[in-house]
Structures are given as C-alpha cells and as structure tokens.
Amino acid sequence: MLDKIKEFASEFFVTGDPLILGAQVSIGLSMVAIIFVLTFFKKWRWLWTEWLTSVDHKKIGIMYIIASILMLFRGGVDALLMRVQLAAPELEFLVPEHYNQIFTTHGVIMILFMAMPLMFGLFNIVVPLQIGARDVAFPFLNSLSFWMFFFGAMLFNVSFIIGGSPDAGWLAYPPLSELSGSPGLGQDFYIWGIQISGIGSLATGINFVVTILKMRAPGMKLMQMPMFVWSVLSSCITIMFAFPILTVTLFLLFIDRYLGAHFFTLDGGGNPMMYINLIWMWGHPEVYIVILPAFGIFSEVVSAFSKKKLFGYKSMVFALMSISFFSFFTWAHHFFTMGSGANVNAFFALTTMLIAIPTGVKVFNWLFTMYRGRIKFTTPMMWTIAFIPCFVVGGMTGVLLSVAPADFQFHNSYFLIAHFHQVLIGGVVFGYFAGLYYWWPKMFGFRLHEGLGKWAFWFWNIGFYVCFMPQYALGLMGMTRRFNAYDFDMGWQPLNVVSTVGAFLMGIAFIFQVWQIAHSIKFYKKEKDGDAWDGRTLEWSIPSPAPLYNFARLPQVTSQDEWWEEKQRIANGQPAKPLVPLEPIHMPKNSGIPFIMSLCWFTAGFGFVWDWLWMAIPGLIGVAICMLVRSFSYDTDYYIPVDEIERTEAALRGTK
Amino acid sequence: MAHAVSTPAGAHGGHGAGHGGGHHDDHHDQESLKTFGFWLFLITDVILFGTLFATYVVLRLNTDGGPTGAELLEMNGIIISTFILLTSSFTSGIAVLEMNKGNKRGLILWLAITAVLGASFVFLEVNEFMHLVHEGANIGTSAYWSAFFVLVGTHGLHVSVGLVWMVALILQLSRRGITPVTKRKVSIISLYWHFLDVVWIFVFSIVYLMGVM
Amino acid sequence: MENHNANAHNAHGGSMKSYVIGFLFSIILTIIPLVVVMNDMLSKTATTVLILIMAILQFAVQLIFFMHIRDEEKPRFNLMALIFGLVILLTIVAGSIWIMTYNAVAS
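Chains as they are written, first to last, in my numbering: chain A, 1 to 656; chain G, 657 to 869; chain H, 870 to 976.
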C-alpha cells in the first residue's frame with residue numbers, strides 16, 4: 001500500500017529539481033499560513049460573503065488586480081531565471097527541459113494571466129464609474145468571468161508542482177505540442193488552463209460591450225464617452241471576435257491529443273500549419289486587445305495632467321475602432337517564413353504597415369494635448385511620457401519586421417524578442433501602471449507614495465532599455481530565441497550580461513512598487529474628497545472608494561468631460577444642477593454559483609488532464625447543475641431603500 | 657420585442673433614463689439587456705462555427721488514402737433530419753406567436769413539439785455516426801473525418817444543450833406562467849433555435865451536398 | 870403592465886403570415902440544390918455556386934422572416950454586430966483557404 005502511494009506521488013508531483021522542491025515547500029507553507037490566519041481571525045465567512053460571492057464590479061476588479069500582480073511576480077521570476085541562464089555561455093543553471101518550461105510559462109502567464117486580468121481589473125473598476133452606471137450589464141456573468149479566469153490560471157500554474165509544466169512554447173505549435181512530441185501532462189494543463197480562462201474572457205468581452213452601448217448615464221452620447229471607455233469598447237469588440245477562434249483551436253488540439261484525431265498531426269493527413277494559421281488569427285488581435293485599453297489610459301492621463309481637453313477626440317475614436325477592425329487582417333505576418341506564396345506575404349505585409357498609421361495618429365494626438373498644457377509630473381503622467389518614445393521605437397522595429405523579405409532574416413531572432421517586449425512592456429505594462437497609479441485613490445480611498453513610485457519608475461525605465469536594447473543587436477548577430485545555451489566563440493556574452501543586468505534592475509523596480517504599496521498602507525491617509533487629481537470625468541464626482549451603488553443619483557450628462565465642465569460652471573457662479581429626489585436603487589444579489597461553477601470546471605479540467613473520467617464527468621455534471629440552478633432561481637435582485645442611501649451618503653460625504 | 661433582435665429604444669439611454677424608476681421598468685430594461693447580450697453571444701458562436709468550417713474546408717481532401725465522404729455519406733437520413741430541423745425552427749416561431757397572444761398552454765405545447773423534433777434530429781445524427789463508425793470511419797481515420805465529426809458533432813452538441821434548456825424552460829413556464837422574465841427566455845431560446853437551423857443549412861450545403869456531388 | 874408589454878411586443882415582430890412564408894421559402898430553397906445535386910444536373914462549378922447561393926438566400930430568409938432583423942429600432946447595434954461578425958467569418962474562411970493553398974498536404 002505504502003509503495004503504491006509512493007509510486008503515485010512520484011508521478012503526481014514534479015520531483016528531482018531543487019528549485020521546484022523549494023517552490024513546493026514554500027507553496028505548501030504559505031497555504032498553511034493563509035488557512036491559519038483566516039481561521040485564527042475567524043475570517044472565513046467574511047471572505048465568502050464579502051469577496052468570493054460578490055457581484056460588485058469594484059470588488060471583482062480588485063480581485064483581478066491582486067491576481068494579476070501575483071502572476072506578474074511569477075512571470076517575472078521566470079524571466080529572471082532565463083536571464084541568469086543566458087548570462088554566460090554554456091551555463092548549466094537550468095537544464096534544457098526546465099528552460100523550455102520556463103520560457104513557455106513566462107509567455108503564457110505574462111500575456112494571458114497578467115496582462116489580461118490587469119486589463120479586466122481596470123475595466124471593472126473604471127468603466128461603470130466613467131459612464132455613470134451602477135454596475136455592469138450582467139453582474140452575475142461578471143463574477144463568473146473572474147472565477148473562470150482565476151481557476152483557469154490556477155489550473156495552469158498547478159502544473160508547476162503537479163504533473164509537469166508545458167514546454168512547447170507559449171503558443172504550443174504542433175507537431176511538438178501533439179502527443180507524439182509532448183507525451184507529458186504539461187500540454188494538457190496548458191490547454192485546459194487557457195480554455196477555461198478563455199471562456200471567462202469571452203464573457204467579459206460581451207458584458208462590457210453591452211454595458212457601454214446600453215447603460216450609459218442619461219444624456220451621454222457615444223461621442224461624449226471618456227476615451228478610456230472607447231478603448232474598452234474597441235478592445236471588447238476585438239475579444240468577441242477573436243476569442244472563439246482560440247477556443248476552437250485549442251479544442252481541436254485537445255481532440256487530437258485525447259481522441260487521436262488528425263487535425264494537426266504529421267500523419268493521417270493532418271496539417272500542423274493550419275494550427276499556426278488559426279492560432280495567429282486569435283493571437284494577432286490579442287495583442288491589440290491588450291494594447292488598446294492602454295491607449296485609452298494614456299488619453300485620460302494626458303488630458304487630466306495637462307489640464308486640457310484631449311486633442312483630436314474624433315480622430316482618436318476613429319483610430320481605436322479602425323485598429324480594432326484591421327487587427328483581424330494582419331495575422332499572417334507572424335509566419336511569413338511558412339511559405340504561403342508571394343501574394344499572401346505581400347498582402348499581409350501591406351496590411352501590417354497600414355495598421356501603423358492609426359497608431360501614429362494617436363501619438364500626435366497625445367503630443368498635441370500636452371502642447372502648451374500645464375503639465376503636472378505625477379507618476380501616472382511620468383509613465384505616459386515614458387511610454388511615447390518607447391512605443392514609437394517598438395512600433396518602428398515592428399514596421400521593419402513587417403517587410404516580408406527582411407523578415408526571413410529577423411524571424412525568431414532576438415530582434416523579434418526585443419521588438420515585442422518593447423511594445424508589450426513599453427505599451428501595455430507602462431499603460432496599466434499609469435492606470436493603476438491614476439485610479440488607485442478611486443479604488444482604495446488613499447494615495448500611493450509618490451517618491452517611492454518615482455524610484456520604481458526610473459528603475460523600470462532604465463532597466464528596460466538596458467535589458468532590451470542589447471537584444472536588438474544580439475538578434476542581428478544571429479542569436480535566436482529559445483536557446484538555453486550558446487558557445488563561447490559566438491561573442492554574445494557581453495551583450496547578454498548587460499541584458500541580464502537590465503532584467504534585474506526591473507526586478508528591483510518591482511520591489512520598489514511592493515514597498516510603495518506597503519508604505520502607503522502603513523501611513524494610510526484617507527482621501528478627503530473623491531477628486532484626487534482634479535479630474536475631468538464622472539468617476540471623480542463620487543466619494544473614494546465608491547459606495548456599493550456608485551451614484552446615489554444618476555448623473556445627467558450634457559458634454560464630454562462632464563465633471564470638469566460641472567466644476568467650471570460652479571466656479572463661474574452658475575447654479576449647480578438641481579438635485580432630483582432619491583429613489584430606491586435596484587441591485588443584484590450576491591451569488592456563490594460563479595465560484596462553485598468555476599471550481600467544477602477546474603475539477604473537470606484536472607480530470608481530463610489526468611485522464612481520470614471519474615473526476616472529469618462529475619465536474620461537468622456539476623457545471624450543468626450550477627447552470628440549471630441559476631436558470632431556476634428568480635430571486636436574484638433587491639432594492640436599496642432611500643433612507644439607507646441617505647445614511648451612506650451622509651457618512652461618506654461628511655454629514656450635512 | 658417579439659423577437660430578440662429588437663430592443664426597446666429606451667434601453668439606449670440606460671437604466672431608469674426618463675422613467676420613474678418603477679420596478680417593472682427596471683425589469684424590462686434588464687430583460688432587453690439580456691436579449692442583446694445573447695445576440696452578441698450568438699455572433700461569437702458564428703465565429704466559432706466559422707473556424708470549424710474553415711478547418712473542414714482546408715482539410716476536406718486530406719483523407720489519407722482512407723474512405724471519402726462521397727463513399728460513405730448516406731443522403732436519405734440527412735434529408736429527413738434537415739426537414740425535421742427546418743420544421744422545428746418553424747414550430748419554435750409558432751411558440752413565440754402563442755406567447756405573444758398570452759396563451760400559456762399553446763406556448764408549452766409548441767415548445768414541446770419543437771423539443772421532440774430536436775430530439776429526433778439528435779437521434780438520427782447519433783445513428784448516422786454509429787453507421788459511419790461501423791463502416792470504418794471514425795474521428796481518428798483521417799484529417800477529413802476528424803474535421804467532419806467535430807464540425808457536425810459540435811452542431812449536434814449545440815442542439816442537445818438547447819434541448820435540456822428547452823425542457824428546463826417548459827418547467828419554469830408551467831410553474832410561473834408568462835412573465836417578462838420567462839418571455840425573454842422564450843425569445844432567446846427561439847432565437848438560438850433559428851440560429852442552429854441556419855448553421856445546419858451550411859453544414860448540409862457544404863459538408864453533405866458538396867461532399868457527395 | 871402585462872398588457873403594456875404585450876402590446877409593445879406585438880407592435881413589431883412576427884405574424885403567422887411571416888412565419889409561414891419563411892417556412893415555405895426555406896423548404897423550396899433546400900429542395901432546389903438537393904434535386905440538382907442528386908440528379909447531377911449541372912457542372913461541378915455551377916453546382917457549387919448554386920448550393921452557396923441557395924444557402925445564403927436561406928440564411929437571409931431566416932433572418933428576415935424568423936429573426937425579424939428588419940424590425941430593430943435605431944441605433945441598429947444588432948445588425949452592426951452581425952455584419953461585422955460576417956466580415957470576420959468570411960476573413961477566417963477565405964483567408965485560411967488562401968493561406969493554406971500553398972501549404973496543403975498531398976492527400
């Protein structure tokens with residue numbers, strides 16, 4: 001019996017690597033610690049009723065952000081491990097197969113489990129407040145989306161200690177990712193983790209499109225929406241059309257592995273190149289999905305801290321929407337070298353160059369917004385200013401890559417690596433940091449320490465250039481991606497050392513950010529009113545953090561930058577808008593179903609990974625039961641009475 | 657809103673815009689939001705099937721020396737199931753008409769007829785698959801058959817999910833009658849049913865008709 | 870309240886007549902290609918074109934007579950979403966065929 005258990009455990013857990021063993025022990029210890037703390041302070045019930053079952057968009061947003069920062073930590077550690085391995089030739093810090101796992105998980109985690117949830121977190125917190133709504137269109141579905149993402153991410157991450165990590169690259173090209181190339185369980189964790197969280201992302205996309213189109217405050221026309229809301233709309237439309245493709249592609253790969261089908265295999269008439277074609281039909285729009293909201297954030301921040309209306313509002317809207325559309329017509333530039341013929345390559349090279357135009361338009365809009373503005377150099381503004389040159393260089397190296405014949409030289413070299421890190425860090429990460437710093441007071445009701453934030457800013461920026469500029473050169477010197485070791489006589493070592501130093505500077509920057517948050521919590525100073533930055537849009541018109549129902553009275557919108565105009569009117573001595581009497585507010589009830597249903601998905605996914613039908617089938621049945629229970633429950637909402645609203649408002653705004 | 661596609665203009669202005677915030681109006685807005693959300697979901701489903709069709713079309717000649725569709729597909733059964741599904745799309749429409757008249761019994765009856773037609777469609781499909789496997793074509797036979805089974809099977813799975821949903825809805829209708837909420841649910845499911853009919857038309861045309869010609 | 874809703878719903882949307890017309894159309898549009906294919910009446914290219922035209926017409930019939938897409942009030946977000954979806958659908962299918970023509974695996 002004991003032998004059997006031992007044998008099972010050695011297959012179940014990843015064994016034999018001291019790094020992983022250390023991780024297992026620390027994960028186990030922190031789990032015990034969390035359970036102990038929750039039990040000791042009797043917080044289980046609080047956790048369940050206030051957070052796990054919450055359908056409040058603000059709380060869901062905060063949970064997204066916490067999860068994404070944890071994922072940033074893990075993805076960052078992966079990156080540092082890789083940089084250490086590459087610091088010297090022929091190093092044996094990571095064995096090749098471990099190195100393969102780490103670059104795979106680094107890519108997946110950073111894009112799907114860091115950038116996406118950070119983005120969704122900001123959507124959740126900001127969009128309803130900016131359009132003057134009380135929640136998103138489908139609060140229950142919103143909660144379900146979060147838990148699907150969360151359990152999907154957990155399923156993916158658990159492969160690190162149980163069963164083995166995926167190691168076929170972040171997009172898992174077959175035939176390597178087929179059963180013949182990756183017989184281990186890692187690839188199945190990959191498929192199910194992404195599949196489950198992908199369903200959540202799709203639902204979020206639909207949810208926010210409906211919210212933005214149908215739930216704006218009375219009077220707010222589409223062309224009066226804040227630019228961030230426009231960027232969310234364009235991003236969510238892209239999600240709606242791109243994510244089903246990912247779902248199908250991964251599903252087909254799963255069928256290949258699980259039922260022995262021949263979609264992408266080398267035998268049986270399968271065609272691996274079809275997978276590459278399909279996955280990039282999702283993959284290319286995906287990069288625009290994560291960058292578009294960052295453009296929205298920059299637009300908000302630039303206008304708020306230049307004390308000016310955004311320059312070229314209409315051209316900005318046009319640029320966002322056209323990028324969202326054209327992002328579906330450029331996918332083949334990811335595989336120019338596949339040999340699809342000169343016409344195909346020429347077409348996709350042209351569309352790729354075309355999509356750079358609306359992006360360029362936006363850069364000029366931001367510059368002209370700053371021109372002759374009274375610029376305040378706060379941390380959100382600094383990230384925005386740092387973004388512009390960084391993204392311009394990243395964009396231009398992208399245009400170099402889009403030249404199909406030249407791409408045969410650049411393809412899969414470190415030139416490419418440097419390019420996409422420059423647009424993803426310089427664009428997406430800088431953008432979401434700007435957003436996080438900008439809306440932090442709104443989320444939590446206190447500010448982050450600016451001084452520490454500036455230290456983090458400079459470490460990030462200097463670290464970034466030190467890390468990635470050498471990689472352009474390394475790419476041109478012939479270093480290709482996914483190498484775990486190189487020869488002494490290649491002459492690549494000096495630049496690699498520089499690059500590693502840069503990576504660690506960014507690591508230090510992250511520590512500064514953690515310190516900044518801890519410091520600001522310790523010296524907690526409550527915001528006096530909700531308008532932390534003398535803002536322009538509706539979210540700054542209500543207390544920080546916003547009450548459950550957001551707006552006691554729905555705002556009447558007459559112009560773009562409504563809150564700013566309102567403040568101007570009052571400053572000019574015009575009367576404020578008359579207050580309409582309060583009315584009971586219609587709110588959704590909390591529900592445990594999203595959490596339980598996602599847990600069932602997790603169970604089903606875990607069962608399929610191990611080919612344990614006794615686990616997978618009950619998991620799926622659980623999902624079906626959850627759906628039916630929801631369908632049969634009609635008592636899903638309630639009203640907040642007027643006197644309760646009055647009490648809350650009086651407490652928040654300091655009794656009058 | 658006889659059908660999901662149209663949404664009241666009032667919803668555009670947002671929650672409680674203009675009207676007194678009465679409970680029923682709130683509900684009404686909620687229902688129209690859900691209908692619009694479901695329409696968007698159907699659009700994402702269009703993309704899902706589109707990807708499957710693209711895969712099928714690209715792999716249609718890759719039979720790897722094994723049996724081809726023209727050799728094994730039996731058109732008789734398919735013609736019958738096509739007409740069954742077409743009729744069920746029609747009967748689900750009649751159910752909505754009965755609902756708009758306020759006739760609960762008629763609504764339940766026509767929904768039940770739709771469900772029975774749907775169930776016979778699924779039954780015929782399962783039969784067809786068993787026949788094909790018996791003839792030596794299963795999902796692992798070649799890329800062509802993988803694409804065939806997954807495309808046709810995904811449609812069948814959609815129909816089966818619709819069946820479970822329809823039964824659940826009939827139970828809710830018999831318990832609660834025609835209310836704004838059940839009304840929205842009936843509109844949505846009939847929309848879903850028409851959508852599956854459209855998908856089947858393309859499966860029938862591209863997989864079967866073009867497969868045997 | 871109930872009455873008000875019922876009226877609002879009847880104001881735009883299906884009647885028995887529209888459903889019957891739609892049903893008849895869809896049966897006719899199914900039978901035409903079926904007869905042509907089963908009796909080998911046309912060349913291969915002509916049959917393919919015919920089948921696709923009939924399928925698209927049938928799609929239009931379902932949209933108009935069953936799903937009442939024409940009844941939507943402005944702004945027509947449903948129609949816009951559908952058109953965008955169809956454009957992307959066409960891109961996926963046509964794009965895949967075009968890209969994969971050179972990469973086809975001999976059967």
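Since the hints were derived computationally from the structure, they do not count as laboratory data.
Backbone N, C-alpha and C fix where the C-beta goes; we use that ideal spot for every residue, glycine too.
Among these hints, one or two may not hold up.
[Stated by the list, open to error] Short derived list, chain H residues pointing at chain G, Cβ under 7 Å: (1) 892; (2) 894; (3) 928.
[As the list claims (entries may be wrong)] Ranges between beta-carbon positions, derived for each pair: (4) G:769 <-> A:107: 48 to 58 Å; (5) G:732 <-> A:612: 33 to 43 Å; (6) A:267 <-> H:970: 17 to 27 Å; (7) G:761 <-> A:35: 47 to 57 Å.
[As the list claims (entries may be wrong)] Which residues of chain H face chain G? A few of them, derived with a C-beta cut under 7 Å, are: (8) 933; (9) 936; (10) 961.
Of the hints given before, which are not true for this structure? 2 and 8
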